[in-house]
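Colleague: Residues per chain are reported as follows:
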Amino acid sequence: MDADPRQYEHIKINGKDSHNIILSYLIHGCFKDTVESLVASTGLKVPAAQLEDMEKRKRILHFAINGNALDAIQLTEQLSPDLLENNKGLLLDLLSLHFIELISSKKCTEALEFAQVKLTPFGKVQKYVEKLEDFMALLAYEEPEKSPMFHLLSLEYRQHVADDLNKAILAHACTPSYSGLERIIQQATVVRQCLTEELGKDALSPFSFKDFLKS
Amino acid sequence: MLHKDLSVIIYGLNAHFMGGVEDNEPPSKRVKASSRELKGVSNGLKEPATYSFGASMARPLAAQGDNEIIGSKGIKKVEFVRIIAEALYSLGYSKTGACLEEESGIPFHSPTVSIFIQQILDGNWDGSIASLHKIGIRDESIIKSASFIILQQKFFELLDREKLMEALKTLRTEISPLSINSNRVRELSFFILSPEFRINGVSGQQLVKPKARSELLEELQKLFPPTLMIPDRRLLQLVEQALDLQREACLFHNSDVGETSLFTDHHCGRDQIPSQTVQILQDHQDEVWYLQFSQNGKYLASSSSDNSAIIWEVGLDCEVSLKHRLIGHQKPVSSISWSPDDDQILTCGMEEVVRRWDVTSGECLHVYEKGLLGLISCSWSPDGKYVFSGLTDKSIIMWDLDGKEMECIKGQKTIRNSDLQITTDGKLIITICKETMILLIDRESRSERCIEEEQMIVSFTLSRDNKYLLVSLVNEELHLWSIEGHIRLVAKYKGHKRSRFIVRACFGGLEQAFIASGSEDSQVYIWHRGSGELIETLEGHSGAVNCISWNPANPHMLASASDDRTIRIWGLKQLHSKQKDNGKSASNNGIHYCNGASI
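Taken in order, these protein sequences are the chains called A and B.
Each step along the first sequence adds one to the number in UniProt numbering, with nothing skipped, and position 101 is 101.
Each step along the second sequence adds one to the number in UniProt numbering, with nothing skipped, and position 279 is 279.
What the hints contain is simulated information worked out from the structure, not anything from laboratory work.
The structure displayed is predicted, hence computed values, not measured ones.
For each residue, glycine too, the CB sits at the ideal point set by N, CA and C.
Certain hints may be false.
Stretch-level coverage of chain A by chain B, calculated; a stretch enters the list once three of its residues show a Cβ under 8 Å from a Cβ in chain B [what the hints assert, rightly or not]:
(1) 102-112
(2) 116-124
(3) 140-146
Here chain A stands alone, though its shape is the one from the complex (with noise of 0.2 Å):
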């Protein structure tokens, strides 16, 4: 049961509304170069504070998902001051990227000493030990891609982590931590599927995003 798609003619749609979606899905990912050339079709006006602030982010970003963890976390101090020291679970994880990219590179010693220097004092908060059991366990052996949790290992992992950065310092700045193309996806779909369940055995089938837009 989907709605009679002459339903949607009747919704005036503002340009610049979607405009400014698109611009702030594009700031939120650091795409800088079509920031510029969006702003230069659309006559969009975005505060230059914002680029600056938007630049800043892709360097720690990029420095993240590298695996180059400490140029992040100074970055990041200078641009979000205490950001990191409120939040700590994101501080752990981004010392561990660091203490990976020790082990990717064979270097066990270095890392022990990193792990008993930098990551020992999160092993006094409960919640953290799990973690950093996690991230020690890498160094049992020789071949860390065999092990149990090879997954650290790999990009995925160092992409998360980035992505819990890029969140945390936009709420910094008090704005808004999903971009407004991603928050209306994620509300299409659960209205849909909301609707859905009240229906119970009388929907066709589960809600699927990719479906409506092919439609």
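Based on these hints, arrange chain B on the given structure of chain A.
Modeller: Same frame as chain A, but now just chain B:
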């Protein structure tokens, strides 16, 4: 006793080697023999008992096969000798042990095992791992588990000496490649991080100190097949098993045996069961229907159709004297329940009210009633805070001590003149809900289980450990049910007589190993619970015996309540009869006390 000629003296095992013939030589006659006195004995099975023991054992091994049998139960000689050697080593007689090995030619451990043990004790980890592979264990997983344990010990010992990098190397290159216990591997690498994490925060104890190497050996021994490394103190274990079996088979076992002797089989005489009347209590004016000792065995409470109950005190010399008369009921008192701390009791008048009394003062503290309904049973909750009672409308009610109604379980839960019991862990309410059915209600979940009988149920009683229910049936049988987990019938006891009245039974004696029941033929019947055998019938009463209680604190004291208006206290048969038939002497030290509200 080791002598230079290397003879072995192991006294007492004569009988076993000589095919079960009794060895009657007193301990002082120790027989010494040296290997030079060898008398070329054959298989030892048919030789007379008086043979000098040492000689028969001292034979070179070469002629014997590994499958030589001793005795008549298929015991292998090789195993037997190795167990003895283990016992010697456990006791600290290592020279004797070594002697035995040499003289019998049966090695305690194979040489590789001996080397292995030494390597472990020396901390030669690499060597021990190598030996492990040569010991002769077929199962790969055991070898791996054993290697893991050994390497873990190595790891901890290195950590203990702060050799972190070496410990790490052991972990990476030796432990992880075993590919087992990955959770443990995780924990181990965490421990490297900091000494703090090896400490249990709460108690401050070191959580992962390396254990003693001898402990390590014990742990390994449990992993290995028993033929490889003989379990510690195996001989002792076997002997203890034999003692347990003897004890279980002893029908009259009713005393804590202080002296357990290995020289003769355990066997109690009938004299351990209370079988003689030592006191007759005549203070009730009508039939005595119910009685029960308090949990601590210091008091006895009895109730009668004379509308009263009596609290008796059990003196230090086991003499029972009247303490309080509890007057107040207007109907025959059909049952009694002691509070968990023995300070108070509940009495239930037949289809009337329930009264709560203080044991020390004899005062009635509260009367519980429910409108026009009559109460038919009473029971304390195990925490002493609530009173349960069955009602004539077949429901069960629960009050707090002040009489405030807390709960009422409706429905056909309990029938007339019914027993009501709560298990001591507070979890189950047990009641007779129909003529042939006992209901077990779970207090928390309200789920119900039941025991169904084919005959009408007269009464039941619960064992102290809450695991068994003894059900008295109309067809003169007692059925023992196990109620823990799967409900099933475990045993039946017969012999007593019952046709018209309620006759109760109870558990009793040391570890509740006996069942006692009243009977309409005026006798008390006692069975051995385990075997079901009727071991005693006690005569004396001149009327039906309605109820029995065995003193929980004194397995030699039994009390019975009868229609002949008396209570008899039974004790062990004395050599000099100390019977007190005169009822007056029994209540000499008692206090006649009228208490309770009189209407």
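Colleague: How does the stretch 140-146 of chain A fare against chain B when you require at least three residues with a CB closer than 8 Å, holds or violated?
Modeller: holds (count 3)
Colleague: So is the stretch 116-124 of chain A in contact with chain B by the C-beta rule, three or more residues under 8 Å, or is the coverage claim wrong?
Modeller: The restraint on the stretch 116-124 of chain A holds, since 5 of its residues have a Cβ under 8 Å from chain B and three suffice.
Colleague: Go check the stretch 102-112 of chain A versus chain B for me, would you? Three or more residues, Cβ under 8 Å, otherwise it fails.
Modeller: holds (count 3)
When the structure is compared with the earlier hints, no violation turns up for any of them.
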